[in-house]
Every structure is written in C-alpha cells, then in structure tokens.
Amino acid sequence: MSTILAKSKNETTLLQHTKEMVNQLQKINITDDKLKNMINYAVICHDFGKVLPTFQNTIHNKDYIPMVLLPNFPHSLFSLLWINLNYIKEKFPEEEDQKLLYSAIAFHHWRNNFEEIIFGRNNDVKKVIQRLIKDRNLRIALQNNLRNNFKELLKEETDKIIEFNDDLADYILKGDLAKLLYIPYYFYYLPKRLELNNNFKLKWILLSGSLMRIDHFVSYIQDENINENIDYKPEPYEIVKNRVIGILNHKNEDKEINAKKYWQFDIVEENKDKNLILIAPTGSGKTEFAFLWGSGNKIIFTLPLRAASNAVFKRAKEIFIEKNTGLLHSDADIYLFRENMKNNELTSNISDGDNIRIIDMSKQLALSTIITTGDQIFPSALKFPGYERLYAILCNSRLVIDEVQAYDPKAAAIVVKLIEDISLLGGKFLLMTATLPNFIREEIEKRIDKNSFKLINLYGDELKKLKKHKIILQYKDVEDKEIINEIIKKASIGKRVLVILNTIKKAQEIFKKIKTDKENNPQKFKNITYIEFLHSRFTNEDRQNKETRLQSEGFFKNPKPKNEIDGKILISTQIVEASLDIDADCLFTEICPADALIQRMGRILRRYRSNYIYDGEPNVFILCKNNDELDKNKTYFESGKGRVYENILIIRTLLILLEKMGIYKKGNIQISLTTLEEMLNKANTANPLLISEYDKNNLVDNLYDTSSFINLEKEIKKSKTTKKEKETIIDLNIDNYLKEFGKTLDILDAGYSSENRYDASRLFREIYSIDGIPSNIVEKFCNDVSDFISDDNINYTNFKQKVMAKNIISVDLRKYFNDDHLQKAINNINIMTVIENIPSVKIRNKIKSWLEDIYIFDDIKYDNILGATEDKSGNIRNNGMI
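Going by my numbering, the letters in the sequence shown line up with residues 1 to 882, in that order.
The reader is advised that the hints may include incorrect statements.
Pairs of lysine to any residue, SDA-like flavour, derived with a Cα cap of 20 Å [claimed, not checked]:
| # | residue 1 | residue 2 |
| --- | --- | --- |
| 1 | 562 | 613 |
| 2 | 151 | 265 |
| 3 | 126 | 113 |
| 4 | 489 | 467 |
| 5 | 127 | 151 |
| 6 | 467 | 558 |
| 7 | 454 | 151 |
| 8 | 203 | 420 |
| 9 | 410 | 643 |
| 10 | 446 | 735 |
| 11 | 27 | 40 |
Since the hints were made in silico from the structure, they are not lab data.
In this text, all values refer to a predicted model and were calculated from it rather than measured experimentally.
Given the sequences, and given the hints that come with them, work out the whole structure.
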C-alpha cells in the first residue's frame, strides 16, 4: 500500500489529517444532526484528490506508487472524482443537500482557474481525466490507494464511499460541472445566488465554513505538533457576573458586592439572548456590559483601533480565563511579547511562553474570547472566497461592535451589512457606542427583525444630572500665544491638561512651542512634572511605551487620584479619543465633528460617572481658527483642511454649538463664510456652555440629521443675493456625505463579492499608508538587523519585535504618488550589504521577503521625541540608493 501524505511538514498522512478533523468536528457546537452528518462526510472526502501522483510529488512523497506525473489538477475538485455519488444520494436524498456537499468539498480551497475547469476550458484537467478513463490500471491503483488508506477510518463504508465516478468525469469533460454544484463567488452566477433563501445560505455557511475552519485548524496543530481544541468552553454567566462586580466595586472604591446598584445587570438579564444596540456615555461601563452579555458563548469583541483592542484585552483577562482570551490584530504579537517581558513571564525567547499560543489560536478564532480590530472581521461581508469560515464562527458567537462611529461611511455600511447577515443566520450582535449617528441606527432598524433586537439608550433623565463639561468656543488658532499660555497656566495649578489636534504637523508645532517656552521660562513650569507627546507616526515600540506610561500611576491613569497636585500636559492627535483609558481635568481641542468631539470630551473628568455638576472655570476649549496663510479664503476652520474630517461635518458642528450658545438660529436661510466668521467672533465673548451627558447625545443626533439644516440650494437660487455673495454661501446639506454609505449598501445588497481577502480589507479601510524607514535611522536599522541575525531564534515575530517595531513608521502613500525617489529598502546599499553577508541563503531570503513591502523615506527624519518629521533641507535625496 502507498501511504498518501496530506502535508510535507512532519510527513502528516492523509489518514492522520482526516481523523483529527473528524475528532475536532465533535468539539464544534452544531445542534442539527443532519447538518453535522453532512459536515462529517465533507471532512472525510474533502482531500481524496490528494491521491493524485502529481500532488504527492509536489510534497516530496518519494515512496508513492504509482508516480505517474500527470498535469496539475486542483486537489479539491479532483476529490469529487473519487466519491460514489450514488452512495451520497442514499445518505442525503434531497438534491439541494447533495449539491451543497459536493460544492463544499470542491471549493474548500478556492483557485482562480476554477472557472475554466467548471466550463470545460482547462486542457490540463481534461488530459488527466482522459488518461484515467483510458488507463484502467492507473485508475484502479489510485482508487485502491484511497481505500487502503481510509479503511481504518471508514471500515465497512470504505468501498461504498470511494469509487471512481465516470458520470462526474463526463460532466467535467463536457463543461457541465455547474449542474452539480453551487458556484459561490463568480459574478456570472450572481442571479442564482440572489434567489437563494436564508435556510440554504445558512446550510452553505455552516457546511462549507465549518469544513474550511476545521481544515485550517487541524493543519495548524499538526504543523506545530501540538494538542489543542478548535473551541473551548466559555465561562458561564454567574462566574463572569461575580468577577465584573469585583471590577466595578474596585473602580468605585466600594467593597460591597451588590449587583443591584449597577445598571449593567438588570439590563443584561432582561436581554441576554437579544441583539442589542447600546448607546451610553463614555466611561459608563459599556465594556463590562459586553462581557456579561456575551458570557457563556464565544465572544468576538471588535474595536476600531489596535491600542483600544490592547486595552480591552487587558480588561478581558481579568474577567475570563487568561489562556482562553485572545488578541487579534496586525501587531498583536509585538504587544503580547512586550507585556510578557514586563511581567517577567518571558525571557529573551518569544517562542517560549503562552503568547505564541495566544497569537496562533486567535488567528484561528479558536479561543472563547477574542478581542480584535474590526478590519480582521468586517471585510468578510464583502464575500471574498473563504468568507464562509468567518461567517460559520459568527453564526454561533456573540459579536460585539464598539464605537462604530469611528468608521467612515463606506466602512460603516460594511459593518451594517455584516450585522444583517449574521442576524439572519442566527448569530447575535451587540453594537455599543457613546455616539450613534442616526443614519446607521435607522438602517439597522430597517434590516433587522424588530422582534429580535432592542435599542437601549442610557441617555435618559438621569444623565441630565451629570454635567462634567463647561465649554467655550473660541475663534482662535491653537498656536496663538494666548492659547499656549492658557494651556501652561492650567497645568501649573495642578491640572492634567489634554491637548488634541487634528493633524500630526499641528501637534508637533504645539509641542515644540510648549517645549521652547519651558526652556526659555523654566519658572513657569516648576509645578508641571510631565509633558508627553503622542501621535501615530512614532515607531511601534516608542508608541506602545508612551501609551503604557500614560495609563500608569502618576501620569494620566484613570481615575485621577484625589491627592494629585502635579500639573501634566499631554499633546496628541485623535488617536487618544477611544484608545486610551485616561483621565484629564481640561481639554484644548481643534474643532472636529460632534461625535469625535464627544469622544474627546469623554477623557475629561472621566472619574465622575453620575450625579455630578461641574462648577469651576471652563474645562473644554474648542478652537476653530486656522491661521494657515495658504487658506486665503478662510474656508477651513482646523488644520486638517478637509483631509481628516469632511468640512461639511466641521461646519455643521460649529453651527450646532453656536445654536446652543444662542448665537445662531436654525431658521436662517443663508449662511455665508462671512456670516459664520461674524458669529464665531461673537462666540469669543459668549458665556461658557455647561452641557450634560444627555445634551452631548443630542449634538450627534443633530449632526447627521438630514432635516437639521435647511437645504439651501433652492433658497439661494430664489434669493436676491449678489453673485459674489452666493459664491461664499455654505450648503449645509449632508446628503452627499451620506451617499457613500447608501451606495456601498446598494452594492453589497446586489451581491457584490470581492476577488480576495486582501482587496476586501483595503476596501473596508481605504488604506493610503505605506511602511518605511526614515532616512536618518537606516544605519540603526542595519545594526538591528545584524544583532537579530546573531540570535538563534530567526522568525518573523522576532524580526517584527527586534527590528521593525524599532525602526518602521507609516506615512500617507499619496505623498509619494508622483515621487520617483521612493525606493524599496532591499535596494538600499547599506541594507543589502548586511543581508548579503548572511551565510545562510534560507535566512537571507527570509529577511528579503520580510522587507519586500518596506521603503526608505529619504525626506523624513525620526527621533523619539517628535516622531517622524519632514526633512525640508533637500540634502538627503537618494542617500544610499541603488
């Protein structure tokens, strides 16, 4: 008998691989016995096609007989030729079930050339089939190989299941294979897919998705030679409840264990099995609510940002079994490595310890609680080949979507579509946010069965009694000396001052001004013990160090101790809005859309959660002037100038605030830039505005409400306004901004299917960033590579941690669209010299592949104080480039 191998690594046999898949299937929670039996047969038959000699030759099975080298034939489709379809018909009499089973097997590994095989246009495939029909000895030899290899598993069923199928061979030769299969992705079959009912879709998702999932997982554990379960039993509600009570009591400095005083418990116990939308203020305990709602089930907890995911992961480990709590995002490995190093749980070898297991098991979504960024989950709504694997998991999980307002309209539409899909397929979702735009809420209400979901809004009368923020709106630039002095003054009297800018460049300018002032006037800063600067263009290592320090005792940790008297200043960009659990006393911020503004204000007096009215001086300063000389028409009111936030959202937010202050009346027919400037000047002398948490929620409702402002186009045409005045009239209609949301949903509803996961991810997050090395640290990068090579543990995670995390930054790709000077790192003379001196060809090629998408920014410099800055000297162009 010739042993059929499934994998070359560890020489895993096809029998070993299939037996372990059957074993793992028993650990998945599928209550439909018939469906589970279908999955079982799909598991047994899915890799029959690996009997092909060409495949065995590819994975170096030197002892395989017969070694007849035939043209290549995708093994998943080749598997169908060895299944006795008559026996399958006996087991599953319904034609729909047969088609689903064959399709799950055929497409469990998708290939781009499947279309030409399905339509009979692939000559290589035809040659293989013709040879098998003609050469009976070869056909019988392969059939016997399969039967002999599977006899231990299938026993008396072996000969009944495994039999060369002449009819199917004929279907392939004639190009009629589509008659037997459900074709999942091709646009040609879109009309047929749209006709499918939800029951068929659910069966397809669970059958094909479970097969893919089990196949991936078993390949992983067999490659690593480890024992793991594809699913772990989640912790029950009562255990999670007691731990959450302990956490909440600790936060509130209360040792009494009593669930009744916390809002989370009554609501979750009434709605444990419902889909929910939860709208609640920042700092109110939404995360703990999500843990309670998801308890007893697999939880997939999504957040927009990596830093926010890291923070929630730390909190989740306090609630759930640590070894069954996972973290999933592009830099999770680096974060876990550093955390373990800090806790002395890991020495210098990253492959020793639980963090590698957490990384790998998180990628498999095998742990009972997974904290992840949205870009790992939501692109599956674009139905790329293999999306079923994710959907099969989501169908039996609790999906938490935190801070949906952080996504742009296109990404938000994709989130809504995934929510709709999962709800229809029986999954559960909890969407929670401090600010939910009306257009998202209304679309979810249209799409989800009203009997299966509930909207819970905690912005009730109680929150009218919580007033933490006294606002002043100033028509001034943050860079004005008067504002800089006010920032320093607040900190000098023991305040924690948070300064948030819309662009890195602006943040750097403010930071430099304050640091220069400190150097020139140290006496002003004698009571200020800490000035920190944070934005997204620091290296991963520097940024994580800063974020950890900010959330530590003695810095900006939440809550601020009552006895703290030292002043502190944090200057940052919008990355602090939702990612860091910090507590400050006052905020200086550039104007931004109302929902982002509320997130920023949520970092102020975070320690107060109920029945508190602030009675001090203004503690939120909103600055709305841009002194950039290039903006001669004064069209923009912040440093982003429409690149960071849509200008229509900025202007609408300004008018909402001006209306609250009694300066603007919504009935005004026309608003010109001149009129707006006049109103903003009035705001400089207006009384501060004390707003409640309840009021803040209304700000967002008004921002995205299409009826909040008059559509001015018709009014302008009717008016007697001069042509010059008309040119400065602001159209406040938000419909154009929201069109992207509706258009994306229309495309998804029409059955759009992305070609691959990579394209789907880029569509979800319109990625315009590029990774590279600032020119002034290329030498340091080379030294770090040299040090890394001397280490015994050469793997990608170590390379990311020890080299890339210390030297790589991301910048806007659009900056280089017309730039001939952008060069790949592997074309740099100094870097190539280091790489070419590596004795091992294998390691040399590994490092080259790891650097394939890394560039050198010869017009950017880096230091760990300011981060990345543009070099305007022009002296370093093409430095060291081939």
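Practice prompt. Please write out, lowest number first, the hints stated earlier that are contradicted by the structure.
Written response: 2, 4, 5, 7
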